[in-house]
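Residue numbers (our numbering), protein chains in the order written: chain L, 1 to 118; chain C, 1 to 110.
Derived from the structure by calculation, the hints contain no laboratory data. Using N, Cα and C, we set each Cβ at its ideal position, and we do this for glycine too. Among the hints, a few may not be true.
Which residues of chain C face chain L? A few of them, derived with a C-beta cut under 7 Å, are [what the hints assert, rightly or not]:
#1 52
#2 57
#3 59
#4 64
#5 93
#6 97
Taking lysine-lysine and the DSS-like style, the derived pairs with C-alpha atoms no more than 25 Å apart in a straight line are [to be verified]:
#7 C:68 x C:47
#8 L:110 x C:47
#9 L:110 x L:43
#10 C:44 x L:110
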Amino acid sequence: QVQLQESGPGLVKPSGTLSLTCTVSTDSFNSYYWSWIRQPPGKGLEWIGHIYHSGNTNYNPSLNRRVSISIDTSKNEFSLNLRSVTAADTATYYCARDLGIGDAFDIWGKGTFVTVSS
Amino acid sequence: QSALTQPASVSGSPGQSISISCTGSSSDVGAYQYVSWYQQHPGKAPKLMIHDVSDRPSGVSNRFSGSKSGNTASLTISGLQAADEADYYCSSYTASGTLVFGGGTRLTVL
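Please take these sequences and the hints and turn them into a complete structure.
So this is what it looks like as structure tokens:
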């Protein structure tokens with residue numbers, strides 16, 4: 001079955017860049033959109049953005065100036081970069097398979113918690 | 001984009017039915033048939049329960065159903081069970097081509 005696994009540093013310094021990678025085990029990587037979603041401790045979900053195998057991206061307007069998502073179809077991986085982080089970016093970051101139009105996320109990674117602190 | 005509005009909490013007794021509302025605007029919930037609902041147990045990743053307003057993914061109990069009227073979508077859970085106690089989030093596609101979530105609703109099974 002399809003599995004997603006987030007990886008990356010669990011601690012990032014303020015003003016630094018948060019970088020995470022999601023590795024996907026699937027034969028149909030190029031058939032879907034792939035999204036990043038985050039959840040601050042004790043708070044709700046926030047969509048960060050998504051990417052298609054073509055490289056087309058779309059981002060949450062509130063993060064648009066700081067975020068970029070890239071994809072490596074040869075490795076079945078997609079990555080998140082969030083620049084100029086602050087403590088408010090401390091959250092569990094999830095990657096998820098995005099069904100495309102309508103953006104329903106049917107398969108999720110387990111999530112990785114990232115702390116922004118000096 | 002503003003978060004969709006959900007009640008902070010709802011509760012019900014085993015066997016009862018409950019509904020959770022999700023209110024947006026004419027630029028998101030009201031504009032598209034692209035509302036989804038997620039269930040999240042503590043410490044776990046969310047699970048897709050409903051997509052495209054009322055479609056259930058394979059494996060999701062038919063006790064879960066979704067609907068929409070105007071700018072408000074609803075998730076109904078019938079025959080409430082203890083295992084249904086969780087946080088529930090709605091989401092909607094928006095006119096900007098982005099996605100917005102609701103603030104979440106804590107369901108307590110009494």
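Legend entry - Evaluation of the interface hint that places residue 57 of chain C against chain L, nearest CB under 7 Å: 6 Å, holds
Inset, instruction - So, residue 52 of chain C near chain L? Judge it on the closest CB pair being under 7 Å. - result: Status holds, d = 6 Å.
Inset, instruction - Given the hint that residue 44 of chain C pairs with residue 110 of chain L, test it: the Cα-Cα distance must not exceed 25 Å. - result: 7 Å, holds
Legend entry - Hint consistency between residue 68 of chain C and residue 47 of chain C [alpha-carbon to alpha-carbon, up to 25 Å]: With Cα atoms ~20 Å apart, residue 68 of chain C and residue 47 of chain C stay inside 25 Å; holds.
Inset, instruction - Answer holds if the nearest beta-carbon of chain L is closer than 7 Å to that of residue 97 of chain C; otherwise answer violated. - result: 5 Å, holds
Inset, instruction - Would you mind confirming whether the straight-line C-alpha gap from residue 110 of chain L to residue 47 of chain C stays at or under 25 Å? - result: Roughly 11 Å separates the two Cα atoms, so the pair holds.
Inset, instruction - Identify whether the interface hint at residue 64 of chain C stands, where standing means a beta carbon of chain L within less than 7 Å of its own. - result: This interface hint is violated because 14 Å lies over the 7 Å limit.
Legend entry - Agreement of hint residue 93 of chain C with chain L interface, Cβ distance less than 7 Å: The hint holds - residue 93 of chain C has a Cβ within 7 Å of chain L, the shortest such distance being about 5 Å.
Legend entry - Restraint outcome when residue 59 of chain C is required to lie within 7 Å of chain L by C-beta distance: 10 Å, violated
Inset, instruction - For the pair supplied as a hint, residue 110 of chain L and residue 43 of chain L, confirm whether the alpha-carbon distance does not exceed 25 Å. - result: Holds: residue 110 of chain L and residue 43 of chain L sit about 17 Å apart, inside 25 Å.
The structure is inconsistent with the numbered hints 3, 4, although it conforms to all the rest.
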